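Read top to bottom, the protein sequences are chains A and B. Under full-length UniProt numbering, the first sequence is numbered contiguously, ending at residue 373. Under full-length UniProt numbering, the second sequence is numbered contiguously, ending at residue 373.
Since the hints were derived computationally from the structure, they do not count as laboratory data. Incorrect hints may appear among the rest.
As the list claims (entries may be wrong) - To be clear about the criterion: a stretch of chain B counts as covered by chain A if any three or more of its residues have a C-beta under 8 angstroms from a C-beta of chain A, and this derived list gives those stretches:
| hint | segment |
| --- | --- |
| 1 | 122-135 |
| 2 | 162-174 |
| 3 | 180-190 |
| 4 | 269-282 |
Said to hold, decoys possible - Computed beta-carbon distance windows for the label pairs:
| hint | chain 1 | residue 1 | chain 2 | residue 2 | range |
| --- | --- | --- | --- | --- | --- |
| 5 | B | Thr113 | A | Leu124 | 51 to 61 angstroms |
| 6 | B | Asn56 | A | Arg26 | 25 to 35 angstroms |
| 7 | B | Val238 | A | Leu124 | 34 to 44 angstroms |
| 8 | A | Asn137 | B | Val344 | 50 to 60 angstroms |
| 9 | A | His107 | B | Val238 | 17 to 27 angstroms |
| 10 | B | Lys131 | A | Gln38 | 43 to 53 angstroms |
| 11 | A | Tyr233 | B | Ile228 | 35 to 45 angstroms |
| 12 | B | Ser125 | A | Tyr233 | 22 to 32 angstroms |
| 13 | B | His275 | A | Glu42 | 54 to 64 angstroms |
| 14 | A | Asn266 | B | Ile228 | 52 to 62 angstroms |
| 15 | A | Asp158 | B | Ile228 | 31 to 41 angstroms |
| 16 | B | Ser358 | A | Met359 | 38 to 48 angstroms |
| 17 | A | Trp218 | B | Ile228 | 52 to 62 angstroms |
| 18 | A | Asn266 | B | Asn290 | 20 to 30 angstroms |
The structure presented is a predicted model; accordingly, all values stated were derived computationally and were not measured. Note that beta-carbon positions come from the ideal geometry of N, C-alpha and C, so glycine has one too.
2 protein chains.
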Amino acid sequence: MIYFDNAATTKYKPEEVYKAFEYYVREVGVSPGRGSYQLGIEASRMLYKTRKKIANYFGMDNANVLFTKNSTEAINLFFEGYLKQNDHVIITCYEHNSVLRPLHKLHEEGRITYSVITREDLNLSPDEIVKKYAKGNTKLFCTTLASNLTGRIVYSKDLLKHMKDKGITTFVDSSQGAGKIKISITSDSIDYLSFTGHKDLMALPGVGGLCCKNKPDWKPLIQGGTGILGDSYINPDVFPEGYEAGTLNMPAIWSLNSAIGYCIDNFTVIQDKEHALMRYLLSELEKLSNVIIYDKNFERVSTVGINVAGVQSSEVVKVLDKNGVCSRGGIHCAILAHEALGTVETGVVRFSLNYLNSMEEIDTLINVLNDCR
Amino acid sequence: MIYFDNAATTKYKPEEVYKAFEYYVREVGVSPGRGSYQLGIEASRMLYKTRKKIANYFGMDNANVLFTKNSTEAINLFFEGYLKQNDHVIITCYEHNSVLRPLHKLHEEGRITYSVITREDLNLSPDEIVKKYAKGNTKLFCTTLASNLTGRIVYSKDLLKHMKDKGITTFVDSSQGAGKIKISITSDSIDYLSFTGHKDLMALPGVGGLCCKNKPDWKPLIQGGTGILGDSYINPDVFPEGYEAGTLNMPAIWSLNSAIGYCIDNFTVIQDKEHALMRYLLSELEKLSNVIIYDKNFERVSTVGINVAGVQSSEVVKVLDKNGVCSRGGIHCAILAHEALGTVETGVVRFSLNYLNSMEEIDTLINVLNDCR
Numbered sequence: 001m002i003y004f005d006n007a008a009t010t011k012y013k014p015e016e017v018y019k020a021f022e023y024y025v026r027e028v029g030v031s032p033g034r035g036s037y038q039l040g041i042e043a044s045r046m047l048y049k050t051r052k053k054i055a056n057y058f059g060m061d062n063a064n065v066l067f068t069k070n071s072t073e074a075i076n077l078f079f080e081g082y083l084k085q086n087d088h089v090i091i092t093c094y095e096h097n098s099v100l101r102p103l104h105k106l107h108e109e110g111r112i113t114y115s116v117i118t119r120e121d122l123n124l125s126p127d128e129i130v131k132k133y134a135k136g137n138t139k140l141f142c143t144t145l146a147s148n149l150t151g152r153i154v155y156s157k158d159l160l161k162h163m164k165d166k167g168i169t170t171f172v173d174s175s176q177g178a179g180k181i182k183i184s185i186t187s188d189s190i191d192y193l194s195f196t197g198h199k200d201l202m203a204l205p206g207v208g209g210l211c212c213k214n215k216p217d218w219k220p221l222i223q224g225g226t227g228i229l230g231d232s233y234i235n236p237d238v239f240p241e242g243y244e245a246g247t248l249n250m251p252a253i254w255s256l257n258s259a260i261g262y263c264i265d266n267f268t269v270i271q272d273k274e275h276a277l278m279r280y281l282l283s284e285l286e287k288l289s290n291v292i293i294y295d296k297n298f299e300r301v302s303t304v305g306i307n308v309a310g311v312q313s314s315e316v317v318k319v320l321d322k323n324g325v326c327s328r329g330g331i332h333c334a335i336l337a338h339e340a341l342g343t344v345e346t347g348v349v350r351f352s353l354n355y356l357n358s359m360e361e362i363d364t365l366i367n368v369l370n371d372c373r
Numbered sequence: 001m002i003y004f005d006n007a008a009t010t011k012y013k014p015e016e017v018y019k020a021f022e023y024y025v026r027e028v029g030v031s032p033g034r035g036s037y038q039l040g041i042e043a044s045r046m047l048y049k050t051r052k053k054i055a056n057y058f059g060m061d062n063a064n065v066l067f068t069k070n071s072t073e074a075i076n077l078f079f080e081g082y083l084k085q086n087d088h089v090i091i092t093c094y095e096h097n098s099v100l101r102p103l104h105k106l107h108e109e110g111r112i113t114y115s116v117i118t119r120e121d122l123n124l125s126p127d128e129i130v131k132k133y134a135k136g137n138t139k140l141f142c143t144t145l146a147s148n149l150t151g152r153i154v155y156s157k158d159l160l161k162h163m164k165d166k167g168i169t170t171f172v173d174s175s176q177g178a179g180k181i182k183i184s185i186t187s188d189s190i191d192y193l194s195f196t197g198h199k200d201l202m203a204l205p206g207v208g209g210l211c212c213k214n215k216p217d218w219k220p221l222i223q224g225g226t227g228i229l230g231d232s233y234i235n236p237d238v239f240p241e242g243y244e245a246g247t248l249n250m251p252a253i254w255s256l257n258s259a260i261g262y263c264i265d266n267f268t269v270i271q272d273k274e275h276a277l278m279r280y281l282l283s284e285l286e287k288l289s290n291v292i293i294y295d296k297n298f299e300r301v302s303t304v305g306i307n308v309a310g311v312q313s314s315e316v317v318k319v320l321d322k323n324g325v326c327s328r329g330g331i332h333c334a335i336l337a338h339e340a341l342g343t344v345e346t347g348v349v350r351f352s353l354n355y356l357n358s359m360e361e362i363d364t365l366i367n368v369l370n371d372c373r
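Okay, chain A solo, but in the shape it has when bound (with noise of 0.2 angstroms):
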């Protein structure tokens, strides 16, 4: 089987990313913030270690780490707490679903309005996109890492800067692509970041979060049992804990610091056989007529999105699949970037790949969407 879907998740993790979930399930077990006992406060220990390791890996010097179930939770936390009555929002059009969907509610809900910055518009200098994009009421401007969709990488440091210089606050998802690119939130003016562990970071599922610049003072999503300060009838203003209701998967938490490790030790080896990897799969699909590439010429991630003309993208997907490929095809939760691309009709067929995929695997993958065409 050759696995293309690294996107969705990352199939296959570091031996030892595994090995630290196990370690974490069998020899230590408990919960953090819990029991006042040696192993409970060992626990404790283990979650701020890696609050610190994640906030330093994306150039932060604090602890400034909450954690969620994943990406999607960390985005509407942020976002339900944040944003204000009336307030504007920047985002581009290659925002996953994460994004546009939680604002497109306080959208409907009369309590804030939203603005897309166009594909075309995207090309404009930082300063023209501010200039065009900003409002006297714009509080925060949105920025994926790199589009789901088409690999292609949107960040800026940039527009980042230039939105920042206009007092509008900066927010980055980093979903796609964190793990692979370098960024660093003090550098490239940023004041929030969500991450997912199941994707590049290659952490094992269940945990996402969000780094914070500067400590939050608005109101968490979910109210529950915070470990401490149980005595209170809303959750504690107590940073990261009062953002952190309910048990926390502390065995995912762990791999999680184990990935970080193995990406940064691997950080050169893993980008330079990803880019290979790329060059060669773009130079091949070059070759086919018939194949449309979408973002072509842009920087990208590890992930590119096709389609082969007058055929359905859930059609090559199938092909595929009886070949033992496994790829993506459809709608990939981002509606906007189909619009701005214009898939929306035919979906578009995805290939995201990391650095165990090798050579063979794409003149395979090559062999049949010749047959396909």
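With chain A's structure known, arrange chain B on it following the hints.
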């Protein structure tokens, strides 16, 4: 090390539960509802099977189960979605902060009111309780299955039936005791039930959920990618996918499938063992003068809350920890119960056992307590 903090989380899971998790991450490893390739379809099948298994376990013949990260998220999701402006809610004084806090937040926002059935009034007949607490605008009755503080089983089929007969929707928080006490949504007049995987159900952490007698028609808590109908600007109006935005923690869900099988297969053995341990623990505690046992004469799960007269609970826990016994002191995320028992100042020392504990471990505990006094 003697582990008496099973009410926080069951530290030791059945071997087959670890294996189920490992099977998922190593042999399947993909996300359900995303790719339409064979392995993706198999993942979706495993997800559906688990919904069905949980639904059946809780006495439903459908598969109306939506997954969250834990019980706390399920409760927040339910209250936020279900309760409308000016609704009145009845809860018991034994509710966990995961029930109290989201309700109190809604109350502070001027959206709902709530009443707390006092410890004394729980002695009244169901008929009298309904008469005393139900109002014209009472929409919902919430009861915990068992107290996380004292172990008392609070759940009463009779009271649920009387509330239901009065036209009040019923909700059970089964976090403490699910897997150990047989409850049936269909037979016991329950409309909604929240559960968590990592406590008595003995799954790995990171999964909980909401069982719904009828499919909900209210709004989800979290907006984002749902894997289906990606072209809609908000979550599609589809149950359960529309309530589960973001990547599900499928390995934990699959571990829960296995864990529920274990609970069913070993129900009597586990119950007999735990009953015997609790009988022994209570009888030994009773022999110690100066030890106050809370809710001594009620039916209970394998949890008991005590205090040593004149000693702070945190001090007792410290001495126990030095002797290798893990217990929990202080305030236990159930402030209403502490108020009802008069233990806000002292806290409570909690011992929560399960079938893997032994009489010898209880002897050790009693010896240390003897020295504590």
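To see whether the hints hold, each was checked on the structure:
1. 122-135: violated (count 0)
2. 162-174: violated (count 0)
3. 180-190: This one is violated; 0 residues, fewer than the three required, reach chain A with a Cβ under 8 angstroms.
4. 269-282: This one is violated; 0 residues, fewer than the three required, reach chain A with a Cβ under 8 angstroms.
5. B/Thr113 with A/Leu124: 51 to 61 angstroms: 53 angstroms, holds
6. B/Asn56 with A/Arg26: 25 to 35 angstroms: 30 angstroms, holds
7. B/Val238 with A/Leu124: 34 to 44 angstroms: Check passed, 38 angstroms falls within 34 to 44 angstroms.
8. A/Asn137 with B/Val344: 50 to 60 angstroms: 45 angstroms, violated
9. A/His107 with B/Val238: 17 to 27 angstroms: 21 angstroms Cβ-Cβ, so the 17 to 27 angstroms window holds.
10. B/Lys131 with A/Gln38: 43 to 53 angstroms: 50 angstroms, holds
11. A/Tyr233 with B/Ile228: 35 to 45 angstroms: Given range 35 to 45 angstroms: holds, Cβ gap about 39 angstroms.
12. B/Ser125 with A/Tyr233: 22 to 32 angstroms: 29 angstroms, holds
13. B/His275 with A/Glu42: 54 to 64 angstroms: Given range 54 to 64 angstroms: violated, Cβ gap about 32 angstroms.
14. A/Asn266 with B/Ile228: 52 to 62 angstroms: For A/Asn266 and B/Ile228 the Cβ distance comes to about 35 angstroms; the hint is violated.
15. A/Asp158 with B/Ile228: 31 to 41 angstroms: 37 angstroms, holds
16. B/Ser358 with A/Met359: 38 to 48 angstroms: At 58 angstroms between Cβs, range violated.
17. A/Trp218 with B/Ile228: 52 to 62 angstroms: Hint violated: Cβ distance 32 angstroms, outside 52 to 62 angstroms.
18. A/Asn266 with B/Asn290: 20 to 30 angstroms: 59 angstroms, violated
Violated hints, listed in ascending order, are 1, 2, 3, 4, 8, 13, 14, 16, 17 and 18; each of the other numbered hints is respected by the structure.
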